[in-house]
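Work the whole structure out from these sequences, hints included.
Number of protein chains: 2
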Amino acid sequence: MTKKVLMTLLEDKKFKSIHEVLSVYNPVDLAEVLSQLDAQDLALVYRMIEKEKAAEVFAYMDNDQRQELLDTFTTEEVTYILDSMSADDAVDFLEDMPANVVTHLLEQVDGETRAAINQLLKYPEDSAGSIMTVEFIELKAGMTVRQALDKIRTVGIDSETVYTCYVVDRHKLTGIVTAKDLMLSADDTKIADIMTDKFLSVRTTDDQEFVANQFRKYGLIAIPVLDSEGCIVGIVTFDDAIDVLTEETTEDMHRMAALTGENEESYLKTSVFQHAKSRIIWLMILMFSATITGSIITRYENAFAAVPLLVSFIPMLMDTGGNCGSQSSTLVIRGLAVGELQFSDTLKVIWKEFRVAALVSVALAVANGVRIYLMYHSARMAVVIAASLVLTVVVAKLVGCLLPIAAKKCRLDPAIMASPLITTIVDTCSIVIYFRIATVVFAI
Amino acid sequence: MTKKVLMTLLEDKKFKSIHEVLSVYNPVDLAEVLSQLDAQDLALVYRMIEKEKAAEVFAYMDNDQRQELLDTFTTEEVTYILDSMSADDAVDFLEDMPANVVTHLLEQVDGETRAAINQLLKYPEDSAGSIMTVEFIELKAGMTVRQALDKIRTVGIDSETVYTCYVVDRHKLTGIVTAKDLMLSADDTKIADIMTDKFLSVRTTDDQEFVANQFRKYGLIAIPVLDSEGCIVGIVTFDDAIDVLTEETTEDMHRMAALTGENEESYLKTSVFQHAKSRIIWLMILMFSATITGSIITRYENAFAAVPLLVSFIPMLMDTGGNCGSQSSTLVIRGLAVGELQFSDTLKVIWKEFRVAALVSVALAVANGVRIYLMYHSARMAVVIAASLVLTVVVAKLVGCLLPIAAKKCRLDPAIMASPLITTIVDTCSIVIYFRIATVVFAI
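These protein sequence lines map, in sequence, to chains Z and A. Per the numbering used here: the first sequence = residues 1 to 444. Per the numbering used here: the second sequence = residues 1 to 444.
Everything labelled a hint here was simulated from the structure, so no lab data went into it. Please note that the accuracy of each hint is not assured.
The list treats identical chains as interchangeable, and a pair is accepted whether it falls inside one copy or across any two copies.
Said to hold, decoys possible - Below are the DSS-like pairs computed for lysine-lysine, each with C-alpha atoms no more than 25 Å apart in a straight line: (1) Lys151 <-> Lys190; (2) Lys348 <-> Lys409; (3) Lys3 <-> Lys53.
Take a look at the structure:
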């Protein structure tokens with residue numbers, strides 16, 4: 001459904017058709033359609049969505065639009081929406097609202113919702129506690145399957161949270177039961193007989209990236225979240241894990257491209273000023289760092305005054321060094337992120353990069369050496385470039401693989417040790433190597 | 001469990017303890033432990049894992065080790081393993097084996113398994129058909145809940161595939177029923193009454209990245225895969241979607257760092273020669289492209305002979321241009337990958353990047369202009385650098401945002417239009433801009 005159809009129907013006041021058209025769409029797609037409307041139309045159309053679905057659509061909209069809608073809502077509407085959202089979605093939404101709005105909203109929801117939301121709001125951002133949902137099925141080992149099913153029916157929560165049920169003894173998690181076990185067992189089977197005590201769990205304080213990686217590694221559908229006493233306080237489901245993986249990957253990619261600021265809004269929703277802010281810091285730092293390379297060049301003024309051709313190979317050396325470094329750092333950063341590489345692999349990585357660098361650099365040096373000899377008929381220049389290339393590539397590969405590992409060891413995000421920073425560091429090295437070799441070979 | 005403990009137990013022939021220790025671990029972790037053993041110990045320890053679990057562990061091992069184990073297997077063992085693996089795991093495994101081994105293995109499994117595997121092997125790599133599993137629960141609308149549960153019990157397949165059941169009429173998919181609906185409905189309820197006909201689906205030929213993005217967007221647990229006639233032929237489950245997302249992201253990151261070759265092995269498992277091969281192609285291309293920049297510099301020999309200081313700002317200009325370009329290209333590439341940006345947003349992106357470039361470039365130009373004036377007391381040099389920076393940043397941002405969008409439009413992977421290529425292109429522009437401005441200002 002394009003915006004156009006919707007707008008035409010709206011102009012013609014064909015409200016019944018709009019209602020029917022809207023009922024065909026699923027909540028995710030509806031939120032996308034609504035995102036194209038201005039505040040006034042949005043408020044109008046939103047009210048034509050059936051009530052239950054409207055709450056779900058609200059969860060998928062972006063913050064600007066939610067704020068716009070919120071301004072037009074009655075108290076009853078706000079209460080209904082917040083009560084219908086799952087607690088973790090409500091928290092995501094509230095975290096981006098001004099504090100006074102949050103207080104005001106929380107006053108309007110029922111006690112149980114408020115308690116759940118408040119509990120989640122107190123966990124540090126990006127922790128397992130902040131992404132978990134507090135809605136899960138709690139069973140006792142002594143229950144029968146029939147009692148368990150009755151309990152699920154009464155609680156009546158989202159279907160993605162019932163695929164695994166949690167067997168609890170005085171708040172301590174003692175086992176898990178899958179929906180499959182419940183479906184296929186006789187009604188009078190005891191939960192104790194079908195539960196398994198082999199399960200994975202995470203702590204409320206665990207980093208969300210660690211949690212998401214457990215899903216990646218073990219193919220889980222949900223994982224229980226325990227507090228410091230081993231009591232179950234919530235669960236993280238696979239769909240939240242997918243969101244975290246996407247978010248963390250985007251963050252890594254941004255860091256690897258010298259962007260700061262954890263911006264959860266989409267590219268188009270981010271203001272020009274915000275974009276500029278997230279880019280300027282590293283650009284400044286790297287720009288001033290690059291002047292070090294410049295001042296080294298100045299020291300070799302005599303060299304390129306004597307052999308002006310020397311200057312023309314600077315871009316090629318700098319770029320090749322930067323590219324080699326960023327290849328290595330990207331491989332290592334990604335390897336660390338998905339858990340394929342550990343600190344204990346450092347020596348293996350160095351040895352591998354060294355051999356790769358040897359192979360690659362010789363190939364590059366030969367190709368370029370031959371080209372230069374043929375073009376400029378200068379064996380000396382060919383030797384200078386070939387030798388500089390070999391050394392630059394080796395240094396670049398080693399710097400590129402070592403810095404991310406070192407960052408990880410220092411509990412920094414390895415992703416900041418990516419292309420831009422590596423390039424700047426390798427530039428300096430390659431210029432020093434180049435002019436050192438040149439001054440010797442040309443005896444300047 | 002460290003390798004050490006295992007090796008000690010093995011030396012002391014404490015097989016019973018090993019068996020007990022192994023039974024504590026889950027298959028994923030066991031595969032990790034086994035990966036540290038050599039071929040002989042591996043064959044020995046693997047046989048101490050209980051039979052059913054052993055098949056699962058096999059699915060999580062890497063290809064080298066599977067090949068090692070395979071060599072020691074009896075025909076019965078091979079048959080058992082292949083029959084126990086889900087068809088899509090078996091296909092993943094077979095795709096990496098030599099053709100004669102595949103033929104030999106397929107002769108040994110039962111007819112049903114062979115048919116399932118053969119069906120999957122015929123879909124193009126990276127298509128929905130190649131990642132789907134053919135094991136799913138097929139129901140009829142006329143069945144009762146009790147009959148449905150009986151069917152699930154008889155089929156007895158992996159639990160991640162029973163959370164959604166598929167209602168089929170002459171192979172056409174007519175509706176879906178969730179495990180929750182089955183659990184909570186009375187035994188004599190008709191499936192037709194609890195099924196929903198609103199469901200998402202994909203085609204066998206759809207790209208795996210598209211399929212995975214459906215999971216990301218809609219938070220699905222599984223999605224049915226239909227053939228060209230609308231008949232259901234398999235399903236993709238969330239755990240496979242997470243694997244695809246990880247694989248596609250890694251591929252994007254590698255492409256963005258000028259690495260070629262779709263290597264599914266981990267960093268450490270990839271041979272030095274393979275590593276070198278995947279790096280050399282782009283390094284060669286980019287190295288020779290960078291010589292264009294070099295030859296442009298040669299043309300301005302007079303300029304830096306007259307003002308040698310000019311050379312020392314080359315690295316700073318090149319790096320800043322490269323960094324600006326890679327910031328923009330990364331934002332756009334990621335935006336396109338997660339579906340946040342479309343081709344239709346091109347004008348909005350250009351306008352946004354232009355304004356960001358204006359803000360950022362002025363800040364950089366002022367900072368550097370002032371520094372140069374204070375350090376070298378040359379107003380002319382300050383003006384040349386400031387003006388070059390502004391133009392370079394604007395060009396870099398525009399090239400950086402446009403090339404990935406253009407690649408997408410030409411059905412190329414936008415990820416190749418990343419930092420390395422953008423840097424090389426922007427280098428040339430920045431050098432031309434710089435020397436043009438310098439020759440005018442210094443009247444060389």
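Evaluated hints:
1. Taking CA atoms no more than 25 Å apart as the test, Lys151 paired with Lys190 passes in both settings, with 14 Å inside one copy and 23 Å between copies.
2. Taking identical chains as interchangeable, the C-alpha atoms of Lys348 and Lys409 lie at most 25 Å apart only when both belong to the same chain, with a minimum of 16 Å there against 41 Å between chains.
3. Proximity of Lys3 to Lys53 under the C-alpha cut-off of 25 Å is restricted to the intra-copy arrangement: shortest distance 20 Å within a copy versus 53 Å between copies.
The structure agrees with every numbered hint stated previously.
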